[in-house]
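Peer 1: As a plain string of letters, each chain reads:
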Amino acid sequence: MTARDTRAEVGTGDVQDSGHGGPDDDYPPERLAAIGREDLDHLGARYDGVHVLHVDPPPAPGSPLEKRATRQVSMLFALAGLFAFLFVFVYVGSGWFLPDWRWEVGGDWWGLLFTPMLGISMGLSLLCVGAALVVYTKKLLPHETAMQEKHEGSNFERVTAAATLQKGWHNSGLGRRKLLLGSVGFMGGGLGLMLLAPLGGLIKNPNAGNPLGTTSWGEGVRLLREDGTPVRPGDQEPGSLATVFPAVPGGNRESDAATMLIRLRPAQVQSATARAGQEDFGYGDYVAYSKICTHAGCPVSLYEQETSRILCPCHQSQFDVTQGAKPVFGPATRALPQLPITVDEEGFFVARSDYIEAVGPTYWNRERI
Amino acid sequence: MATATAPGAPRTALGKAAVELDERLIVAGPLRRTLHKVFPDHWSFLLGEIALYSFVVLLLTGTYLTFFFQGSMTEVVYEGSYAPLRGVEMSVAYASTLDLSFDVRGGLVVRQIHHWSALLFVAAIVVHLMRIFFTGAFRRPRETNWLIGIALLVLALVEGFAGYSMPDDLLSGTGLRIASAIMLAIPVVGTWVHFAVFGGDYVGELIVGRLYIAHVLLIPAIMLGLIALHLLILVKQKHTQFPGAGRTEHNVVGVRMFPTFAVKSTGLFFVVFAVCAALGGAVQINPVWLWGPYDPAKVSAASQPDWYIMFLDGSTRLFPAWDINLPGDYTIPALFWPTLVLPGIIFTLMALYPVLERVLTGDTASHHLLQRPRDVPVRTSLGAMSIAFYVVLLLSGANDVIAEKFDISLNAMTWAGRLGLILLPAAAYVLTYRVCLGLQKHDREVLEHGIETGVIRRLPNGEFIEVHQPLGPVDAHGHGQLAYGGAPVPKRMNQVGGARRAIRGFFTPIEEPIRVELEQREESRGLATAEEGGRELTSAGRPTEGGRPSEGGRPSEGGRPSEGGRPQEPRD
Ligand code: HEM
Ligand code: FES
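Sequence order for the protein chains is R and V.
Take 1 as the starting number for the first sequence in our numbering and just add one per residue.
Take 1 as the starting number for the second sequence in our numbering and just add one per residue.
These are computed hints drawn from the structure, not numbers from a lab.
Honestly, I wouldn't trust all of these hints.
[Claimed, not checked] Under the rule of at most 20 Å between Cα atoms (straight-line distance), these lysine to aspartate or glutamate pairs were calculated in the DMTMM-like manner:
#, chain 1, residue 1, chain 2, residue 2
1, R, Lys138, V, Glu511
2, V, Lys298, V, Glu75
3, R, Lys326, V, Asp323
4, V, Lys236, R, Glu152
5, R, Lys326, R, Glu346
6, V, Lys491, V, Asp443
7, V, Lys298, R, Glu226
8, V, Lys298, R, Asp227
9, V, Lys298, R, Glu254
10, V, Lys236, V, Glu143
11, V, Lys238, V, Glu249
12, V, Lys238, R, Glu144
13, V, Lys236, V, Glu49
14, R, Lys139, V, Glu143
15, V, Lys298, V, Glu143
16, V, Lys16, R, Glu152
The shape of chain R in the complex, shown without the other chains (with noise of 0.2 Å):
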């Protein structure tokens, strides 16, 4: 950089009369005032790198060109104006002298057509703004190539600021007083934790109470349908599937009760095998398997009495009834917890505890409790 170039940064901050060199010493008003409009804009570019390299003049003015393209563009943007006008008609209009938005099942058409007639002519009036927009620069506009010149850092500029920080943190003496900076690290870190420690109130103990491994069946509670009916072992045909919640309040509405009653069919009596440990959980030909997923909770659903398949729709876990609602495809890994079941002496049928194991999806510690 010349010694000319310092004196221009120097003088960056000064107001113009400051004398420092720089585009309005070079360039006083009256040699300003007489450039023309044109050539001023292209002499301002240079100034900011960039250079003008090609244009190609639009239409000329009173040309059939001109007066086709202006047209298009004047429709195109007429246009835009109708359709957000219809907009503003039908969505204010709609109920007053229109009939009502309303949508309503087995209603009038025009509650149908209500959403669709509001997008498509906000959508009609947007596109014709844009493509105005784009006829014009294509059609009315000069078509220029500039060239910007990109630059590199300048080493001048960094090592004047390197200059600045040094001298900042020499004087500030941080380096030398080591007491002063060994407390402002302490204080850096001291605040920071205070500041972050508020978060802690979003920290809870998963492990108190076991509230992962435990629902609200319990040894007496009944197995209630959707509708709050209890279930005898007469109600349900052989091969069906009826979904049950624990009988407690809410226990409809509990995000790991919900369990899966099965009523097996007599050819699946013969094959079915439990779980060691657990051949005395089911009652009769009855099963009862828990309906949240082990993979990833989702709630399994579709039964297939053919295959004794239960098939979980999210990543299409398969579960085999009759094996202990073993995982027998996809990404499961364990079987399908059982809840004991017996009937209680009224004839309903009611869990003998809760489950056994954890429901839902696997977790670190989950064998453990």
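Starting from the structure of chain R, add chain V with the ligands where the hints point.
Peer 2: The following block gives chain V with the ligands in isolation, referenced to the frame of chain R:
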């Protein structure tokens, strides 16, 4: 004031007001520099803008939605105007989404515009990222912006997930349940993380409210900051450009911001908004009233997330059932690998790619000229490989739907996905590599032997040859001496002015060939005037056309800044 009396001082009210303004704010300089910023004129540069503009649409529509949506899980009985759900118990969040859809005039259209623009937003980011990747625009000095881009992509995925999980309908609840399981699957701290996020066991009463504040404040604020930084760095570093006539590592050739680029880009904004609005009105999306309120015991068949989350659904479906049991009865759940480790690896690799490439190729130089994908076959093939991997995951995310539609067994689809995940990327790599080399070879061939003219000549000895048009000077053997410069090589005669340009018209020609022919002849003689039309774009996207843009004819009449004038970097 000196300026007020100076010759050439503005006389109009507007001009005077502008001077008043500049005397106070001193904005003329920065404004001029902004107006003069040069933008390359290539379609692939629009992709980032589409992402930006769909973000603006999201901000506008999202803010509207906040006037009505309530992120609360308190249970209420629905009494709104959607009859099938009247009297049903549901969360306030779901009820307010129903109200937005049925009882707020125009609420449904805004909701649907919001959802469609979310899909477009993520899609635009992904395609934008691919263009950056395949052209090498991420190379030094632009690694920072690459990192910001990856961060924005991840945030967009999280933001979208939070968005569609908020209405608390059956579909979003299913997604949330899986998210809960994913958190539980983190080794050692999983249950702690889950309890921190959900405030207890699944589902609790806090999560929708937390998602809501994250969705409308936390994540958008971070994204806004990152986008601002992204653009600031872009302005500072200036654009990259494809090689071509007059384009070097030290310049950008294109159009100035004002007026051409600004008008065109505003046009693009309107088109993006228009597409979202029309889709939002005409194509139903996420009809939450059909799914019903969330109920942990229910699920709708074929629950699919939005497309940008689907690759994770796919990986989850494909990953085998491998729980790892550690001594002491600890378990690393199978779910951990496809949902946390895999995306972790994917995004880390993506973020590190510029560094990896720099280290492996030893290319540490700054680059402002882009590469054509064929010229960097290894990178291009790696990209194709990644896309193949991604597409297999994406399709597997919908494998139950595909199985049903095409009557294939689900298990077969799963196995096809597992095998495809291994085989297809490898095949994509090999194939892409071959194609790149083939294209390279053809470029060299045309440079050496010239363009095929389609003219067959019979030599005196009876041999037939095709006449080739050399592109530049030839040596004694008739071989072209032009070296390949990284720019497209013209391969048809009309690209080098050896034949008239193609006739315009999409389905049927809209002009007469003979007139085009005449017009072009006139132009080549320098006779054509602007009135007679047929102006060609001087688009920088056609570098091969007139060779180096000429500087001639521009009066520079003392207009050049004197040597050592003001520094020319924007510095405000
Ligand atoms: C930046 C990217 C954003 C993405 C990808 C995104 C995505 C989504 C999605 C997919 C939905 C679900 C819509 C549905 O119910 O079908 C949604 C809902 C919502 N978003 Fe956003 N959004 C974004 C930004 C914003 C912003 C900035 C705001 C507000 C300031 C906002 C406010 C809302 C509200 C209130 C809802 C709930 C309304 C409803 O579900 O009906 N969003 N968002
Ligand atoms: S949640 Fe059931 S297979 Fe994933």
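Peer 1: Run every hint past the structure and note whether it holds.
Peer 2: Verification of the hints:
At most 20 Å may separate the alpha-carbon atoms for a hinted pair to count; R/Lys138 and V/Glu511 meet this at roughly 19 Å. Under the criterion of a C-alpha separation no larger than 20 Å, the hint pairing V/Lys298 with V/Glu75 is consistent with the structure, at around 17 Å. Under the criterion of a C-alpha separation no larger than 20 Å, the hint pairing R/Lys326 with V/Asp323 is consistent with the structure, at around 15 Å. The suggested pairing of V/Lys236 with R/Glu152 holds, with an alpha-carbon distance near 11 Å, which does not exceed 20 Å.
The suggested pairing of R/Lys326 with R/Glu346 is violated, with an alpha-carbon distance near 32 Å, which exceeds 20 Å. Pair hint V/Lys491 plus V/Asp443 holds up; C-alpha atoms about 8 Å apart against a cutoff of 20 Å. For the hint linking V/Lys298 to R/Glu226, the alpha-carbon distance of about 11 Å falls within 20 Å, and the restraint holds. Restraint check for V/Lys298 and R/Asp227: the C-alpha separation of about 14 Å stays at or below 20 Å, so the hint holds.
Among the hinted pairs, V/Lys298 with R/Glu254 is consistent with the structure: their alpha-carbon atoms are about 12 Å apart, no more than 20 Å. For the suggested pair V/Lys236 and V/Glu143, the alpha carbons sit about 14 Å apart, so the restraint of at most 20 Å is met. The suggested pairing of V/Lys238 with V/Glu249 holds, with an alpha-carbon distance near 11 Å, which does not exceed 20 Å. Proximity of V/Lys238 to R/Glu144 is assessed by CA-CA distance (about 19 Å); at most 20 Å being required, the pair is judged to hold.
Simply put, V/Lys236 and V/Glu49 have alpha-carbon atoms about 17 Å apart, close enough for the 20 Å limit, and the pair holds. Distance check on the hinted pair: R/Lys139 and V/Glu143 sit about 38 Å apart at the alpha-carbon level, beyond 20 Å; violated. With a C-alpha separation of about 47 Å, the suggested pairing of V/Lys298 with V/Glu143 is violated against the 20 Å cut-off. This hinted pair does not check out: V/Lys16 and R/Glu152 have alpha carbons roughly 38 Å apart, beyond 20 Å.
Checked against the numbered hints listed earlier, the structure breaks hints 5, 14, 15 and 16; every other hint is satisfied.
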